[in-house]
Amino acid sequence: MNIIDDLILHSPALIVAIPLLGAFLTPLVSRINDKLRNIFVIFIVLFTSAIVLLLANDIYSLGGKIHTYVFGGSAAVTQGGFAIRILFEVDGLNIFMALIATILAIAGVIYSWSFMKENTGLDKYYTLYLLIIAGMFGMILTGDMFNFFVFLEITSIASCALIAFWTNKGKAIDAGFKYIVISSIGALFILFAIAILYGQYNALNMAVLADKIQFSFLDKIALAVLITGLAMKAGIVPMHMWLPDAYGRAPSSVTLILVGATQASLYGALRMIFTVYGGSLSNTLNQIGDVNIDLNLLLGIFIVALALVTIFIGVLMALKENNFKRMIAFAAVAEIGYMILAIGAALTTVFSATDTGTGVMALKGGLFHILNDALDVGLLFLVAGAIYYATKETSLNRLGGLARNMKYTTIFFLIGLLAVSGMPPMNGFASKLIIYESTYQVNPILSIIAILCSILLLAVFVKVFHSAFLGPKQSRFDEVKEVPKSMLLAMGIIACIIIFIGLFPNLVIDNIVQPAVNAITNNSNYISNVIGGI
Amino acid sequence: MSGMSRIVKTVTNVAFPIVMIYGLYVIAHGHLTPGGGFQGGAVVASGLAMLLVAYGSVWTMGKVKEKQLSVLESIGALGFISLAFLGILMVLLYSSFQGNFFNNFLINQDIIPIFNEIGRGLANINTAGVIPLMNFAVGLKVIAGLFAIVLVMAYATRLKGVKQK
Amino acid sequence: MIYNIPYIAVVALILIGLYAVIFKRNLIKIVIGITLIESGVNLFLITLAFREDSIAPIYRGSGSRIMDMSLPVPHALTLTSIVIGVAVLALMLSLIIHLYKHYNTLDASKIGREEE
Amino acid sequence: MSKRDFAAVIFFAIVAVFLVFGALLTHPFGEFNQENDPEMDQYIIDNTQNETGADNGVTAVVFDYRGFDTLGEATVLFTAVAGVIILFRRLKK
Chain R
1 MNIIDDLILH
11 SPALIVAIPL
21 LGAFLTPLVS
31 RINDKLRNIF
41 VIFIVLFTSA
51 IVLLLANDIY
61 SLGGKIHTYV
71 FGGSAAVTQG
81 GFAIRILFEV
91 DGLNIFMALI
101 ATILAIAGVI
111 YSWSFMKENT
121 GLDKYYTLYL
131 LIIAGMFGMI
141 LTGDMFNFFV
151 FLEITSIASC
161 ALIAFWTNKG
171 KAIDAGFKYI
181 VISSIGALFI
191 LFAIAILYGQ
201 YNALNMAVLA
211 DKIQFSFLDK
221 IALAVLITGL
231 AMKAGIVPMH
241 MWLPDAYGRA
251 PSSVTLILVG
261 ATQASLYGAL
271 RMIFTVYGGS
281 LSNTLNQIGD
291 VNIDLNLLLG
301 IFIVALALVT
311 IFIGVLMALK
321 ENNFKRMIAF
331 AAVAEIGYMI
341 LAIGAALTTV
351 FSATDTGTGV
361 MALKGGLFHI
371 LNDALDVGLL
381 FLVAGAIYYA
391 TKETSLNRLG
401 GLARNMKYTT
411 IFFLIGLLAV
421 SGMPPMNGFA
431 SKLIIYESTY
441 QVNPILSIIA
451 ILCSILLLAV
461 FVKVFHSAFL
471 GPKQSRFDEV
481 KEVPKSMLLA
491 MGIIACIIIF
501 IGLFPNLVID
511 NIVQPAVNAI
521 TNNSNYISNV
531 IGGI
Chain S
1001 MSGMSRIVKT
1011 VTNVAFPIVM
1021 IYGLYVIAHG
1031 HLTPGGGFQG
1041 GAVVASGLAM
1051 LLVAYGSVWT
1061 MGKVKEKQLS
1071 VLESIGALGF
1081 ISLAFLGILM
1091 VLLYSSFQGN
1101 FFNNFLINQD
1111 IIPIFNEIGR
1121 GLANINTAGV
1131 IPLMNFAVGL
1141 KVIAGLFAIV
1151 LVMAYATRLK
1161 GVKQK
Chain A
2001 MIYNIPYIAV
2011 VALILIGLYA
2021 VIFKRNLIKI
2031 VIGITLIESG
2041 VNLFLITLAF
2051 REDSIAPIYR
2061 GSGSRIMDMS
2071 LPVPHALTLT
2081 SIVIGVAVLA
2091 LMLSLIIHLY
2101 KHYNTLDASK
2111 IGREEE
Chain Y
3001 MSKRDFAAVI
3011 FFAIVAVFLV
3021 FGALLTHPFG
3031 EFNQENDPEM
3041 DQYIIDNTQN
3051 ETGADNGVTA
3061 VVFDYRGFDT
3071 LGEATVLFTA
3081 VAGVIILFRR
3091 LKK
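Protein chains in written order, with my numbering: chain R, 1 to 534; chain S, 1001 to 1165; chain A, 2001 to 2116; chain Y, 3001 to 3093.
Possibly wrong hints are sitting among the right ones.
Unchecked claim - Calculated lysine-lysine pairs in the BS3-like style (CA-CA distance at most 25 Å, straight line):
(1) K3092(Y) / K117(R)
(2) K117(R) / K35(R)
(3) K117(R) / K169(R)
(4) K171(R) / K2024(A)
(5) K1067(S) / K35(R)
(6) K169(R) / K3092(Y)
(7) K1067(S) / K117(R)
(8) K169(R) / K392(R)
(9) K392(R) / K171(R)
(10) K320(R) / K171(R)
(11) K1067(S) / K2101(A)
(12) K2110(A) / K169(R)
(13) K3092(Y) / K392(R)
(14) K117(R) / K485(R)
(15) K320(R) / K3003(Y)
(16) K392(R) / K485(R)
(17) K3092(Y) / K1067(S)
(18) K169(R) / K2029(A)
(19) K3092(Y) / K2101(A)
(20) K2101(A) / K1065(S)
(21) K3092(Y) / K171(R)
(22) K481(R) / K117(R)
(23) K481(R) / K463(R)
(24) K1065(S) / K1009(S)
Unchecked claim - Heads up, incomplete: computed chain S residues facing chain R, CB under 8 Å, no partners named:
(25) V1071
(26) L1078
(27) F1102
To be verified - Looking from chain Y toward chain A, a few residues come up when the C-beta cut is under 7 Å (computed):
(28) D3041
(29) G3057
(30) D3069
(31) E3073
(32) L3077
Think of the hints as simulated: they come from the structure by calculation, not from any bench.
Because the structure is a prediction, the values reported are computed rather than measured.
Idealized CB from N, CA, C, for every residue including glycine.
Please model the entire structure based on the sequences and the hints provided.
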């Protein structure tokens, strides 16, 4: 038997199990040598990435294929349409998110090498880092509701410990505490919703639930509780207060991976709305009195309203923020707003019969923006970390004239700045343009607000660029040198991908985003592939 | 002499072996009676925590370091995950079978004569395939893990500056 | 209706916990609130497992089933959920120890407000 | 301050209404009928001895049918230990 075929066959399990194995081995390896430990961790991450790429190649080569992996079962697993064992169900959307997570994981691990060098407790740091990566992959790839909850908890516990990594700063501990409170309540809400669904349908598998779901009143309650929990984890506005703190106080390498963890929660919301509830959302009309209310229209409008508030608050808070990393964190809140704006706009139209492609286009823009946001915001956080590393300074008021000493970092910041505010040559422009177009067809006011906020975001970052990098040379920063090579390499990887996507957006949309959109909109394919495939 | 009074220590000395034995029993019979690796591990760890309360965290930290416990926990976790990985590697053993991650590869086979019987409600230890082995791995992990948590937290909150008699 | 009393208990536990988390300022009380929510959810899972006139899903004696058995899956889910709860609790309490060392208070409104 | 409290009260009330409705609508305690027939659990009860060899159904679910969850659970504990140790580490080399 060919080893590559074996790897592809077992790849969904290996993608999660190998980082876990690495995490369990790290405390033993780090007893030998520090350098060996770093090499070991990077090797584990690269090996996992290689398997992700193999799986991605396998999925993309066959359109609409869903790779189902059964844990522990060799014989029949679903008889009469119920899944006993845990299944991993990998389709276009899963593998799309997994690719994003892969990029972030590689960049984060390489960046950590120099960035965290001067700290103690690095063996546990790398253990937790691998655990976040494993948890993220688990959340993304799983097809089982309870398994999703377990990996969500792994991710949030490990993230919490790493947010509070610099324990000599009270604010970092405070941020970690806020994060664990919000995320554990969110996770418990999710568990409650899972329990409701289990009690009704006696199933935990997503495909089986999607097949069985009746959309009764109890299911609507479960959906509301589920979305509340996931929104808490994803940092959508009423529950966004943990996000700037956590992003701002964590070490930059951790923030990078936190961006991925947040988006994994967003993926969870997408999966629940479009796949688990998708079939019944599409043909549900609710009668209240004489009026028919289209429920997914209602949900879409609600999400769009949340998105607008999220964008607004993110941009406004970013305008008046003085701490570099917190400012980027508020920009990240605004970017999350753009994603859910597209998703909400898609929800209003994508299931209706008269839709002429607006909904699909909005979904395309939203999903593409998930990829771009991870890269843009991630790059900005890495630059902020580099500046902190070089100057030990976080406040924007005290920075200035760094462009002379840190040439490469300046270039990377410029790339990130243009990308995050949606300027033409970069990837942010490509996805935001699709979002503007599709929301314009839904309602012109939405796209106007979105464009205005994007311009404000540009203004914010130009101000930062001017005050931190340009301006008069300060004598305090004479000794400042360019950051070490590994940090430059990590930033360079992300910057290269940003420019590549910016130059060839259609290539990425056709090959990677379109399968994900197809996977989302076609939930009957998902059900039949998983249940019928065994 | 740190820790609590002599009465507490004596009672602890008497109760400690009983708690240990009970916890280990719960771990070993996880596939037959209520219990398992987590529950038994928690019982044993609570026995160790009792020791910690009675003798004080400074004394306990002198006996065992959290680094050793962490390594022990890693070993337990490694045992668990490698049992799961063996499910994939069972293809090497029986060429006709398609193994999967977390496959219970010891049950329904005659090649390895260990834990391969099917339970008939008679409480035979020699049943249930990899489940007892996994119970032991998880038990080790939970003992080391919970005790490490309690030990580290107790040591961090010890009274500094107060002279311990 | 009378048969929904266990669920009402579940909701009461969750709401008491949520009340503590939202309206209390003491960090320890917030943690207690989270633990209460978690117990509520665990209780909900366990109540879903119950089937009338059933025994625990463990085969004894002859090895044949004489009665209905209660559902095993929710038991397993509850076990997982309890262990996760322990992990979260340990981490939250360690963070509180650190916060108390830094600020000498457990009042949430006085924590994390200092100028940098 | 009061605005924040007001929002909190509204959030609390909405959650309370949702949960109470959820509790009232769940199937009656301990009763199963045709509509919510627990076929998955029944399959596990019927086949646990033959497929896993374990007498204890719960352990069979924990370590065999849903073994991957248990790996996640063990990992959660591992994560918590690593997190607690990292929080109480010595800051200087």
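Status of the hints after comparison with the structure:
The straight-line distance between the Cα atoms of K3092(Y) and K117(R) is roughly 13 Å, inside the 25 Å bound, and the hint therefore holds. Between the alpha carbons of K117(R) and K35(R) the distance comes to roughly 10 Å, so the proposed pair stays at or under 25 Å and holds. This hinted pair checks out: K117(R) and K169(R) have alpha carbons roughly 18 Å apart, not beyond 25 Å. Of the pairs offered as hints, the one joining K171(R) and K2024(A) holds, with about 20 Å between alpha carbons and a cut-off of 25 Å not exceeded.
As the CA atoms of K1067(S) and K35(R) are separated by approximately 19 Å, the hinted pair is consistent with the 25 Å bound. Between the alpha carbons of K169(R) and K3092(Y) the distance comes to roughly 14 Å, so the proposed pair stays at or under 25 Å and holds. Simply put, K1067(S) and K117(R) have alpha-carbon atoms about 21 Å apart, close enough for the 25 Å limit, and the pair holds. Proximity of K169(R) to K392(R) is assessed by CA-CA distance (about 14 Å); at most 25 Å being required, the pair is judged to hold.
Straight-line distance between C-alpha atoms of K392(R) and K171(R) comes to about 16 Å, which keeps the hinted pair within the 25 Å bound. A threshold of 25 Å between alpha carbons decides the hint, and for K320(R) with K171(R) the separation of about 19 Å falls inside it, so the pair holds. For a cut-off of 25 Å, the pair hint linking K1067(S) to K2101(A) stands: about 24 Å separates their Cα positions. With a CA separation close to 15 Å, the supplied pair K2110(A) and K169(R) stays within the 25 Å bound.
For a cut-off of 25 Å, the pair hint linking K3092(Y) to K392(R) stands: about 17 Å separates their Cα positions. Under the criterion of a C-alpha separation no larger than 25 Å, the hint pairing K117(R) with K485(R) is consistent with the structure, at around 13 Å. Simply put, K320(R) and K3003(Y) have alpha-carbon atoms about 21 Å apart, close enough for the 25 Å limit, and the pair holds. Taking the CA atoms of K392(R) and K485(R), the gap is about 18 Å. The hint holds against a cut of 25 Å.
Under the criterion of a C-alpha separation no larger than 25 Å, the hint pairing K3092(Y) with K1067(S) is consistent with the structure, at around 17 Å. Using a Cα cut-off of 25 Å, the hinted pair K169(R) and K2029(A) holds, with the two alpha carbons roughly 23 Å apart. Between K3092(Y) and K2101(A), the direct Cα distance comes to roughly 18 Å. Compliance with the 25 Å bound is thereby established for this hinted pair. Taking the CA atoms of K2101(A) and K1065(S), the gap is near 23 Å; set against the 25 Å cutoff, the hint holds.
For the given pair, K3092(Y) sits about 19 Å from K171(R) by alpha-carbon distance, which is consistent with the 25 Å threshold. The hinted pair formed by K481(R) and K117(R) meets the criterion: a straight-line CA distance of about 16 Å does not exceed 25 Å. Under the criterion of a C-alpha separation no larger than 25 Å, the hint pairing K481(R) with K463(R) is consistent with the structure, at around 23 Å. Annotation: proposed proximity of K1065(S) to K1009(S) holds, straight-line Cα distance about 21 Å (limit 25 Å).
A least Cβ separation of about 6 Å between V1071(S) and chain R falls short of the 8 Å threshold, and the interface hint therefore holds. Because the beta carbon of L1078(S) sits about 5 Å from the nearest beta carbon in chain R, less than 8 Å, this interface hint is met. A cut of 8 Å between beta carbons decides the hint on F1102(S): the least distance to chain R is about 4 Å, and the hint holds. A hinted interface residue such as D3041(Y) counts as satisfied when its beta carbon comes closer than 7 Å to some beta carbon of chain A; here the least separation is about 4 Å, so the hint holds.
Interface hint status for G3057(Y): upheld, as the beta-carbon distance to the closest one in chain A is roughly 3 Å, under 7 Å. Given the 7 Å rule on beta carbons, the hint for D3069(Y) holds: about 6 Å separates it from the nearest Cβ of chain A. A cut of 7 Å between beta carbons decides the hint on E3073(Y): the least distance to chain A is about 5 Å, and the hint holds. Contact between L3077(Y) and chain A, as hinted, is supported at the beta carbon level, the nearest pair being about 6 Å apart and thus within 7 Å.
In this structure, none of the earlier numbered hints is contradicted; all agree with it.
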